[in-house]
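Here is how the chains run, residue by residue.
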Amino acid sequence: MSQNTTQSRGATAAAATADYLDQRTGIGIAVKNFARKVFPDHWSFLLGEIALYSFLVLVLTGIFLTFFFVPSMGMTVYEGPFAPMDGVEMSEAFASVLNISFEVTGGLLIRQIHHWAALLFIAAIVTHMMRVFFTGAFRKPREVNWLVGFVLMLLGLAAGFSGYSLPDDVLSGNGLRIADGVARSIPIVGSYASFLLFGGEFPGEVIIPRLYAVHILLVPGLILALVGLHLLLVVLHKHTHYAGPGRTERNVVGYPLFPVYVAKAGGFFFIVFGVLALMGATMTINPVWNYGPYDPSPVSAGAQPDWYMLFLEGGLRLMPGQGTEWVIAGFTIPMNILVPGVIIPGLLFTVLGAYPFVEAWVTGDRREHHIAERPRNNPVRTGVGVATLTAFFVLVVAGSNDILATHFGLSINDITWVLRVALIVAPPVAFWATKRICLGLQRKDRELVLHGHETGRIVRFASGEYIEVHRPLDEYERWVRVAHEPKRPVALLPAYDERGVRRKGYRRDALRARVSRIFFEDRVDPVTPAELVAAQAHGEHDALPSASAEPVGALPAAEAAVDRGADAHQA
Amino acid sequence: MSTEHSQSTELTAAATHRDVAGPLPERFENPGLEPHRPRLTDEDPGAARRATRQVAALFGVSVLGTIGVIVAHVAFPPGDSVASMRTSNLLLGAALFLSLIGIGTAAVHWAKTLMSDHEVVEARHPQKSSPEVREGAIAVLREGAEDSGIARRGVLKGAMISALALFPLGLAVPLIGEVGGDWNVGAFRHTMWKRGTRLTRDPSGTPIKAEDVTVGSAFHVIPDGLREQEHWIEEKAKAVVLMVRLDPADLKSEQGEGWSYDGIVAFSKICTHVGCPVALYEQQTHHLLCPCHQSTFDIADGARVVFGPASRPLPQLPITVDDEGYLVAQSDFHEPIGPSYWERLK
Ligand code: HEM
Ligand code: FES
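Chains as they are written, first to last, in full-length UniProt numbering: chain A, 1 to 571; chain B, 1 to 346.
Please keep in mind that the hints were generated in silico from the structure rather than gathered at the bench. Every residue gets a Cβ at the ideal spot worked out from N, C-alpha and C, and that includes glycine. Don't take each hint at face value.
Unchecked claim - Pairs of lysine-lysine residues, derived as DSS-like cross-links and limited to a Cα-Cα distance of at most 30 Å, are as follows:
1. Lys346(B) - Lys37(A)
2. Lys435(A) - Lys504(A)
3. Lys264(A) - Lys112(B)
Stated by the list, open to error - Far from chain B, by Cβ distances over 10 Å, these chain A residues were calculated:
4. Leu347
5. Asn401
6. Val501
To be verified - Pair by pair, the computed Cβ-Cβ distance ranges are:
7. Tyr326(B) - Leu217(A): 30 to 36 Å
8. Ala145(B) - Leu196(A): 36 to 42 Å
9. Asp212(B) - Gly74(A): 33 to 39 Å
10. Arg124(B) - Arg488(A): 23 to 29 Å
11. Ala163(B) - Leu217(A): 26 to 32 Å
12. Pro248(B) - Gly323(A): 41 to 47 Å
13. Pro248(B) - Gly87(A): 30 to 36 Å
14. Ser44(A) - Gly46(B): 46 to 52 Å
15. His125(B) - Ala16(A): 20 to 26 Å
16. Val234(A) - Ala163(B): 56 to 62 Å
17. Asp474(A) - Gly46(B): 44 to 50 Å
18. Pro320(A) - His125(B): 53 to 59 Å
19. His407(A) - His125(B): 53 to 59 Å
Take the sequences, apply the hints, and build the full model.
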């Protein structure tokens with residue numbers, strides 16, 4: 001080729017490497033298909049990326065820590081630069097964490113980045129899950145990927161708890177003891193579950209090495225495998241996009257993987273890592289040297305677990321203990337622990353994992369969905385989500401009730417009682433309010449589509465009447481607000497068919513019709529073209545000041561606006 | 001907003017709706033992609049050059065940051081004090097931040113200003129495979145199954161399933177056998193307290209004379225000889241006790257006749273809720289508070305639960321004094337200490 005001479009050396013070398021690889025792997029096809037894959041752009045799609053990047057940061061910093069951490073409960077006496085612990089007896093695990101913090105240059109930084117990354121990891125998973133939930137992105141064909149993500153969240157919690165326990169300090173030791181207490185409460189197998197965890201009686205000598213294996217091999221290995229599956233499914237399904245001009249159920253609109261998405265996403269990894277580094281540099285986290293090594297006797301008041309454990313802690317705190325320990329035929333069933341520690345989290349997680357299947361059943365919808373819904377356009381789902389988050393939030397607050405009490409000088413008993421009531425009352429209230437707000441927002445959307453933007457321009461008619469000029473939406477703006485399809489409850493076929501035979505499955509259908517009514521009974525439909533035409537005919541002179549109207553300049557709308565459009569609509 | 005503008009959009013909107021012949025559509029139609037709006041850097045070569053310089057400068061920040069990490073590593077080791085450790089941490093972290101954030105912002109800025117921002121459309125296809133592919137897949141499977149003869153040779157099917165179902169036992173049995181240590185869950189029932197075991201201070205292990213215990217003071221107690229035990233941490237996790245001397249007039253009840261000595265009461269320190277050490281004693285109210293979930297026990301009244309999620313009183317350790325005046329246990333606890341479990345009362 002004649003251009004060969006003008007091509008740079010680097011380009012020729014790259015071409016040669018590519019040729020070498022392609023001849024041996026046929027990778028060309030994958031590159032060709034993959035490099036131009038389209039990814040839609042929206043801030044809410046970054047949440048999953050944050051989770052992925054904080055996991056990468058965890059792996060990188062975690063590998064650093066493994067070179068210095070000693071997963072052993074063997075006893076040793078500390079001799080090192082941290083004077084207050086000099087000569088104190090402690091496990092080798094705890095001593096190695098002191099060593100990482102005080103003697104390994106950069107060790108403390110990496111430890112703190114690791115811990116902050118863990119908190120961010122789980123926060124990102126939870127908010128990512130909320131995004132998927134509230135936009136209905138779990139609908140067909142993505143139900144399976146919702147399950148993968150759900151398991152990833154559980155694994156994230158397991159990674160966090162197992163890591164938190166590794167330093168073998170007073171705080172984490174008491175955390176383990178609580179876990180032991182909850183395990184023991186399980187009917188029939190509780191004592192054995194406790195022995196299984198600790199290799200005998202609490203605390204034993206194996207829990208740290210065991211958690212270490214769980215923390216650096218089992219759980220990260222599973223997370224890595226499932227993240228791979230999760231992303232593979234994202235590529236197979238192609239990402240959802242929000243309703244917008246040109247976006248349909250049959251296409252995906254966005255930017256190509258190479259170069260735009262690679263640059264943005266790659267850059268974003270470094271930004272997440274950078275922010276975590278800054279946090280590790282400036283914000284102390286888990287200063288175990290202040291807590292001291294684990295000993296079964298002391299405990300510190302006001303100790304807080306990591307945030308993602310607070311809801312369990314809060315549940316344990318709110319449950320009244322009087323009369324909740326049942327003894328049946330001589331066997332003890334401690335409901336005061338089982339309810340908040342096992343039953344409620346179990347139910348909550350089951351419902352969360354199963355939600356896509358529940359909703360698919362309720363709507364009877366078997367179509368694929370690739371346009372993410374605006375949360376307002378599904379008021380009941382959004383309400384259910386907010387109610388669940390409200391319950392979660394009450395439990396988190398309950399998990400910090402002692403901090404609240406000391407901070408605000410309140411009585412802990414009062415706080416506990418208020419939160420007990422709130423746990424029962426707040427979620428339904430939140431559901432109701434959210435649903436109302438969603439319907440209100442939908443009405444506002446209709447309003448805007450029908451009557452346009454307020455312009456703040458006031459005109460006076462010859463008759464002396466003032467009106468505000470409204471500027472209609474252009475078709476792109478409008479489309480975002482009318483793209484969703486109107487929803488209807490599923491219809492119930494009669495119990496008996498034409499021949500008077502009772503239909504099979506009528507009961508199930510009736511239940512589904514009832515739930516479906518809850519979902520879609522109160523609804524606001526998107527504006528139809530006919531409605532728009534009618535509205536425009538009605539409010540003609542709003543938007544088209546006739547010759548008889550005499551502009552009086554721009555009065556602030558609030559002062560003299562007569563919103564004819566709204567009046568007309570309400571009439 | 002100018003009048004012209006509002007008029008023209010209104011007119012086009014009206015035109016689209018009114019000039020079409022026939023009835024209006026049921027729903028609006030997707031208007032298609034919005035026309036691309038060029039960015040400053042698309043139109044002004046000067047702006048593009050400026051953006052290029054900014055991206056390069058941000059990569060430069062990263063290089064400086066990395067150099068900073070190396071300098072901080074050499075010049076600011078953690079040293080011997082908490083203060084020098086914090087300085088080292090701060091400088092290393094700040095430099096690492098620059099090193100990372102430089103790359104991150106450079107890449108994003110590059111993508112946003114200099115790479116194409118034309119949206120691309122890719123078609124989606126239904127997730128399921130085409131009918132021909134499905135049929136092909138089923139045919140292949142059927143052929144394979146027929147070839148193996150699994151349907152015709154029932155014995156093989158049964159034998160294979162049994163073998164596969166059983167083989168995990170080869171791994172599971174040894175694992176389950178060992179993973180719980182000696183599996184002796186009966187160990188929950190007892191602690192190392194025995195008749196005559198002295199109450200000693202935690203952690204020093206010095207014995208306590210009854211006369212040294214003043215009214216209102218609380219002692220954290222471990223059994224004498226704890227440290228000589230082979231598994232002293234497990235023993236300690238069960239045997240820790242909190243001991244208080246009350247004014248005998250305040251003592252409303254105790255769990256057993258004569259279990260206290262001259263107003264001195266001793267209770268298991270392991271919470272009956274889920275097992276935290278109950279460590280906060282309030283002298284005026286005689287309340288013992290568990291810091292984990294705030295269960296509150298009244299030790300003047302047999303450690304009755306007055307608030308919180310615990311269901312049962314803390315077990316009381318019967319105590320007395322020996323000939324030398326040291327406090328000793330009369331026996332072990334009369335019930336398992338700590339959280340509840342299935343066979344606790346069996
Ligand atoms: C896959 C890679 C990972 C490795 C190799 C790793 C390794 C380690 C090691 C060795 C420690 C103990 C050292 C110390 O505390 O100073 C540790 C602590 C910890 N890890 Fe990880 N980890 C990994 C992933 C994770 C994940 C995915 C999470 C959480 C979601 C996590 C959360 C924690 C926490 C909270 C601590 C306690 C840190 C502290 O006390 O400051 N780790 N990790
Ligand atoms: S462990 Fe004491 S209140 Fe929960």
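Since Asn401(A) was said not to touch the interface, does its Cβ keep a gap of more than 10 Å from each Cβ of chain B?
violated (7 Å)
Quick one: are Pro248(B) and Gly87(A) within 30 to 36 Å, going by C-beta?
violated (41 Å)
Do the Cβ positions of His407(A) and His125(B) conform to the proposed distance bound of 53 to 59 Å?
holds (57 Å)
Does the Cβ-Cβ separation between Ala163(B) and Leu217(A) fall within 26 to 32 Å?
With Cβ atoms ~29 Å apart, the hint holds.
Would the pair Lys264(A) and Lys112(B) pass a check requiring their Cα atoms to be no farther apart than 30 Å?
holds (8 Å)
Measuring from beta carbon to beta carbon, are Asp474(A) and Gly46(B) in 44 to 50 Å?
violated (32 Å)
Against the range 33 to 39 Å, how does the distance between the Cβ atoms of Asp212(B) and Gly74(A) compare: consistent or not?
holds (36 Å)
Would you check whether the claim that Leu347(A) is not at the interface survives, using Cβ distances to chain B and the 10 Å cut-off?
holds (19 Å)
For the pair we were handed, Lys435(A) and Lys504(A), check the Cα-Cα distance against 30 Å.
violated (34 Å)
Indicate whether the distance between the beta carbons of Val234(A) and Ala163(B) respects the range 56 to 62 Å.
Since Val234(A) and Ala163(B) have Cβ atoms about 39 Å apart, the given range 56 to 62 Å is violated.
Just double-check Val501(A) for me: nearest Cβ-Cβ distance to chain B has to come out over 10 Å.
It holds; Val501(A) is separated from chain B by about 34 Å at its closest Cβ, greater than 10 Å.
Starting from the range 23 to 29 Å, see whether the pair Arg124(B) and Arg488(A) falls in it by beta-carbon distance.
holds (26 Å)
This entry does not satisfy hints 1, 2, 5, 7, 12, 13, 14, 15, 16 and 17, going by the numbered hints stated previously.
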